[in-house]
Amino acid sequence: MFILGIESSCDETSASIIQCDNSGLKIVSNIVASQIKIHQPNQGVIPELAAREHVKNILPVLKKAIKSIRLSDIEAIAVTRGPGLFGSLLIGVETAKILAYTLQKPLLAINHLEGHIYANFLDHNQLQFPIICLIVSGGHTQIVLIKKHLHYKILGETLDDAAGEAFDKVGRILGLPYPGGPAIESLVNKTSNVKYNLKIKLPRPMLHSKDYNFSFSGLKTAVLYLVRDLEKKYALKFLRPVIAREFQDAVIEVLVKKTIQASQEYKAKTVCMGGGVSASTKLNQQLREQLKNYPSVTYISPIKSMSTDNAAMIAVAGYFHYLDKRFVDWKEIFADANLSL
Amino acid sequence: MKFLLNSHNATFNLGKKIAKYLTESTVIALQGDLGSGKTTFVQGLAAGLKISQNVLSPTFLFLKTYSIPKHKILKTLCHVDYYRADKNMSTLTNYIQEYINDKNTLTVIEWPEQLKTYLPKGTIWIQFLHGTFKNKRVVSIVNKKICAKLSI
Ligand SMILES: Nc1ncnc2c1ncn2[C@@H]1O[C@H](COP(=O)(O)OP(=O)(O)O)[C@@H](O)[C@H]1O
Ligand SMILES: [Mg+2]
Chain B
12 MFILGIESSC
22 DETSASIIQC
32 DNSGLKIVSN
42 IVASQIKIHQ
52 PNQGVIPELA
62 AREHVKNILP
72 VLKKAIKSIR
82 LSDIEAIAVT
92 RGPGLFGSLL
102 IGVETAKILA
112 YTLQKPLLAI
122 NHLEGHIYAN
132 FLDHNQLQFP
142 IICLIVSGGH
152 TQIVLIKKHL
162 HYKILGETLD
172 DAAGEAFDKV
182 GRILGLPYPG
192 GPAIESLVNK
202 TSNVKYNLKI
212 KLPRPMLHSK
222 DYNFSFSGLK
232 TAVLYLVRDL
242 EKKYALKFLR
252 PVIAREFQDA
262 VIEVLVKKTI
272 QASQEYKAKT
282 VCMGGGVSAS
292 TKLNQQLREQ
302 LKNYPSVTYI
312 SPIKSMSTDN
322 AAMIAVAGYF
332 HYLDKRFVDW
342 KEIFADANLS
352 L
Chain P
176 MKFLLNSHNA
186 TFNLGKKIAK
196 YLTESTVIAL
206 QGDLGSGKTT
216 FVQGLAAGLK
226 ISQNVLSPTF
236 LFLKTYSIPK
246 HKILKTLCHV
256 DYYRADKNMS
266 TLTNYIQEYI
276 NDKNTLTVIE
286 WPEQLKTYLP
296 KGTIWIQFLH
306 GTFKNKRVVS
316 IVNKKICAKL
326 SI
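Sequence order for the protein chains is B and P.
Residue 12 is where the first sequence starts when you use this note's numbering, and the numbers rise one by one after that.
Residue 176 is where the second sequence starts when you use this note's numbering, and the numbers rise one by one after that.
One thing to keep in mind: the hints can contain errors.
DSSO-like cross-link-like pairs, simulated, lysine-lysine; straight-line CA separation at most 30 Å [said to hold, decoys possible]:
{"hint": "1", "chain 1": "P", "residue 1": "Lys309", "chain 2": "B", "residue 2": "Lys212"}
{"hint": "2", "chain 1": "P", "residue 1": "Lys250", "chain 2": "B", "residue 2": "Lys164"}
{"hint": "3", "chain 1": "P", "residue 1": "Lys319", "chain 2": "P", "residue 2": "Lys250"}
Hints in this document: simulated from the structure, not taken from any laboratory.
What you are looking at is a predicted structure, and each value in this text was computed from that prediction instead of being measured.
Work out the full structure: start from the sequences and follow the hints.
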């Protein structure tokens, strides 16, 4: 059985075919047209540009994705309904509606964050419940408990800035290119052998709060104060790697500690991640290492190609909607920029 | 009118207090650098309007909306962040203007400089500055009506 997935919530236009059968889930195609090059000079996604690019990209991307199968072989169409940029979401949702209508196939409305969770089912179609999933991206920082398929409980989330946003803003304070996360990680890796005789310490916000919420705006401000103070004595060029390393450590320490804590409280059998920040090698490594102390938990490393937005993960979530017969009427489905899990 | 605010809570409370004086559809423009307290102020505003949802930074999505319960006139809080934006974004600008023109919406804008030409005359401008010490902020408000109420 083939499922077509469509994703256009932010700056990637993507279409994918996945094949689902008893032996598991297989990606037949996963075409992504990314706008990162267009956006880079402006340090972020620009909705006007993003929407125009989606319009330009959607049909060529679809055509490539379905090249190796017949249209009539598609069993259902899954599309990201939200959250995201309204103008961008619209393109994918309307395209999917037209396809569902003309092909007379069921339409499946997917939450983008469900996609990030279900991406983990690609390599392992049997993940043991309960699952704890840490969703970390430019727009989200949440710990989600999944006790059974399609049932989500948000245990905690950021109270201000998302983790990815904090990386971008601190990147900007340090004069690094956009996006900040990869720029900070690569600077830290490049200078990992250098010894700096400058000791700094940034706060670990909410590390000891007894809940699963996060706060990263104070960390951003702490970096600002630090740069402001230290720039009187040192060049930014010298400060940059030292602060980048400490900042990355601070964010990761909080994310890892709370995720593990949630896995214990809710007796999780599986821990996984999703979203752009899950591509961080250090975060992945820390989570795996520390979870070794908890043998009842299986840690699923994120699949690298799934950390950026793509339609295969939407199709996978769609497959589970399909099994649950969660079909939606094309006349009643609209893009929803503020959709929550 | 200038306020010397010594803590996160002071900024939050200023927002909460101002919320009480808003009786009609208004635009509030918040100017100030990263970390100067704009989002914190909006969180206070939202609390003052009895919005129970967490107000998170709208930087990534450019705009977030919240519904205001139990207010005679204001039904929606529209929280805009133009941090990553650029002036040639007609789709977004049009979208924001719909909220600005709505009689039941309170629109609050972080990084409003690029939107200046679209903002109505009665826009309340608030400026946030980092103080010389940690946790200190200097907030200035230029608006006769609000300042009169705040000084009572
Ligand atoms: N007096 C103060 N007023 C506001 N925020 C303060 C103050 N002192 C410290 N802070 C901290 O500074 C940060 C302000 O961040 P935020 O409100 O996101 O700023 P902005 O939206 O302007 O970037 C918060 O972490 C807050 O706790
Ligand atoms: Mg802000």
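| field | List of violated hint numbers, smallest to largest | value | The structure breaks none of the hints.
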